[in-house]
Amino acid sequence: MDYNFRDIESKWQRKWAEEKTYHVVEDEKKSKFYVLNMFPYPSGAGLHVGHPLGYIASDIYARYKRLQGFNVLNPMGYDAYGLPAEQYAIQTGQHPAKTTEENIQRYRRQLDKIGFSFDWDREVRTCDPDYYHWTQWAFERMFNSYFCNDSRKARPIDELVKRFEARGTEGLDAAQSEELQFTAEEWQRMSEVEKQQTLMNYRIAYLGETMVNWCPGLGTVLANDEVVDGVSERGGYPVVQKKMRQWCLRTSAYAQRLLDGLDTIDWTESIKETQRNWIGRSEGTEMEFKVADSERHFTIFTTRADTIFGVTFMVLAPESELVDELTTPEQRAEVDEYLAYVKKRTELDRMSDRKVTGVFSGSYAVNPFTGDNIPIYIAEYVLAGYGTGAIMAVPAHDSRDYAFAKHFNLPIIPLIEGADVSEESFDAKEGTVMNSPKAGRTAFDGFSLNGLTVKEAIATTKEFVKSHGLGRVKVNYRLRDAIFSRQRYWGEPFPVYYKDGMPQMIPEECLPLELPDIETYKPTETGEPPLGRAKRWAWDEKNREVTETSRVDNVSIFRLELNTMPGFAGSSAYYLRYMDAHNTTALVGKEADDYWQDVDLYVGGTEHATGHLIYSRFWNKFLFDCGVSCKEEPFRKLVNQGMIQGRSNFVYRVNKAADEVAASAPVFVSHGLKDRYDTTPIHVDVNIVDNDVLDLEAFKAWRPEYNDAEFILEDGKYICGWAVEKMSKSMFNVVNPDRIVEKYGADTLRLYEMFLGPVEASKPWDTNGIDGCHRFLRKFWNLYFDNRTGGSVVNDEEPGKDSLKSLHKLIKKVTEDIEKFSYNTAISAFMIAVNELGQQKCHSRGLLRDLTILMAPFAPHVAEELWQQLGGQGSVCDAAWPTWNAAYLAEDEIQLTVSFNGKARYQKRFPTDASDEAIRRSVLDDERSLKYLEGKRIVKVIIVPRKIINIVIK
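Take the UniProt record's numbering: the final residue in the sequence shown is number 954, and no numbers are missing along the way.
Be careful, since some hints might not be right.
As the list claims (entries may be wrong) - List time: in silico DSS-like cross-link candidates among lysine-lysine, alpha-carbon distance up to 25 Å: (1) LYS908 / LYS809; (2) LYS98 / LYS243; (3) LYS820 / LYS801; (4) LYS779 / LYS809; (5) LYS908 / LYS936; (6) LYS743 / LYS763; (7) LYS355 / LYS344; (8) LYS743 / LYS779; (9) LYS947 / LYS805; (10) LYS522 / LYS98; (11) LYS812 / LYS779.
In short, the hints are calculated from the structure, not lab data.
Work out the full structure: start from the sequences and follow the hints.
This is the structure we're talking about:
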């Protein structure tokens, strides 16, 4: 029986689907194990070979855990909303639902060909109303909740209303947009609209004025990761900063819990540190500064209140409301010009770019300790969302303040004795504090920090600020509230209508509010989002249904929200929905949630460290507060797969004079001869190159202008050049996995992607090495079948000692490597073991059964076929993972290196229990020693146990 991988793979893919081999249900008799991949966005380009890398890695682990007896949940779905489908709809007029469905079907065909153990009965699609029903439901729960700082959890907004009715804001400690103070009586006198406006200050899902990345060309707000160098990643349209009223989620309320949770999960330290930096906890002091010659005051946040004597200027964020108030008429034109510049810069640009820019406002602040006037500048390196959007600048001890002071020729006053005040050194953590000369002019006689350590000085200043009413001690976080509105069509609709200008929630029992059809997917002519074009997009409050937009009367029929939710809305809780995908009454039922609980293994890219992974953790913590999720952290272990880079190929066109180009066919010279000519390298489609050899006829057919191409060959072949680059259509180095599967089989693809290198490392795709994995599978097959006759060679003999050692060495290695996700070394061990067993001519049925089970996670199709041929019952997926026996690994012999005067000459094997004397005699009697001993005197024989024998001769 020949290894016909095409027939084998199609046969087992069909059987798995028919027999629902990977369908899983809750089973209290088995321990659960939940494996999850970050689900794909179904683009029109389909999968390339880089996409399955993480899926294969997680699939191997899922199959391994099933073989260990776990009840494994391994689901898959599609992150189906997004800007690419909408842009394509604008260009072609096709409904995004149609193109998305076509793309999903293509992805499904490709995924099935690779042989994943996904339970497709649990598939979710974020664009399915049955799915986004629960995204809308969660949003409504957030709208009707606030975050209580005392209990550190979300609580119903009704509790807050009752508190206001009884005590107003007295003693209230809740997350809020701005600090409000009012009594119960003042609350009672508020109108209904005023009460709703007040509650908006506390809701976890709230409407707020916020600075956004606005892209006029796309007509929508973009997330930071959708903007590159000031333009949209998709389309390259200019992006500006703009203040807009947007739906936001109060993620900042969960900042400390998000930090604390990192200590409880098995993630890489690099990802944890990235999140810690993004959340950015800092303990410090809020201090109030008076504006000189004015009644105005403003507040700054500093982690180093002790450096107050080193303040030489203040800086406002360009978005701060104080900018307009503090800009003097003389500086107005210069400030306006600077603000126009900053509008074109994203926050990421401003955080990463170290160039110094800024402008003087014309106003001064008064140092509360010294009484000195300090100039107030406006600069992009200060962000409105962190702290108060205003800072006191201490250039002697901060690199950005230092660069700014040098650029604008502002004073620099060191405060630490012996401090190195230079561009390279800003270490204010060591040494003792000395008050600056300005300390003599302090309004607070007797206050001195001289001689204190930095730690002592910080504590002393904090206490002084607090006791003298100059400010308060506070913890700040860099984490911002998430902007949750997008001016797009293809996204989850908000379940919101507007009454008296205030948002109202669609009744929960009326969900989902489904996305309406529209004819054009661009913003309206008046600048409204695309949903402004919908003919049926109004809420009939009396009949509790969507009705015609033309019927809006603001009495019983009201306009619906025109924005849609962002992409991360649908991906923030999909792991919970997989647990109970067909539940019509809840996001996840208690029974399913209690069984599956959380994700044991989550596999995805590092690019989601500060986006999806923070949003989903926040979302899950909120649902945990609501009693929906039984675990506070959603993902117990996280593995980040690396990127498969493209291996580009080049042809070399011989350059001709301008008058020759039109008159003759293009000439291409092979790589080894190109230095003899004046050439231009051109990317060529890697799919018409095999082992760097160009298919000449395919190349001619590739582009019309190459139909008559001529070639200068070497040894009768055209050899292409190559380079490792990002896999991209523009470089023609995208490799379609379908092509690999067709030529070599899915099992070869799976093995090769894992064999390229460690799962977490980025590595180049190189089809030149894929033959090796395919040959290995044929060698593996030949342990079961005669490669000449095709007949079975399996026998029922007991395996020999060497064969048992080869097998159990492999069991130990593969088990340990799978646990470490070191799949490349596991595959190397397979190759060694198969070679050894082949040399040993071992065809023992019992041994081969264990070998087949070991192979099943990596190459499931061939493993299923061989399992059946061996007489195995059911699917190999339900076999028991072999365990290794240490007795079979015990060494009967050891191999030692024999050296003469320290130079290794040969190796020799000895029984493990051989004495030093026996080893000595055996070596001296060995024929190979005679030529080194002839005519020499043995001075001594040195034996290093289990390593070497060194014979010293003269």
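Which numbered hints does this structure break?
2 and 3
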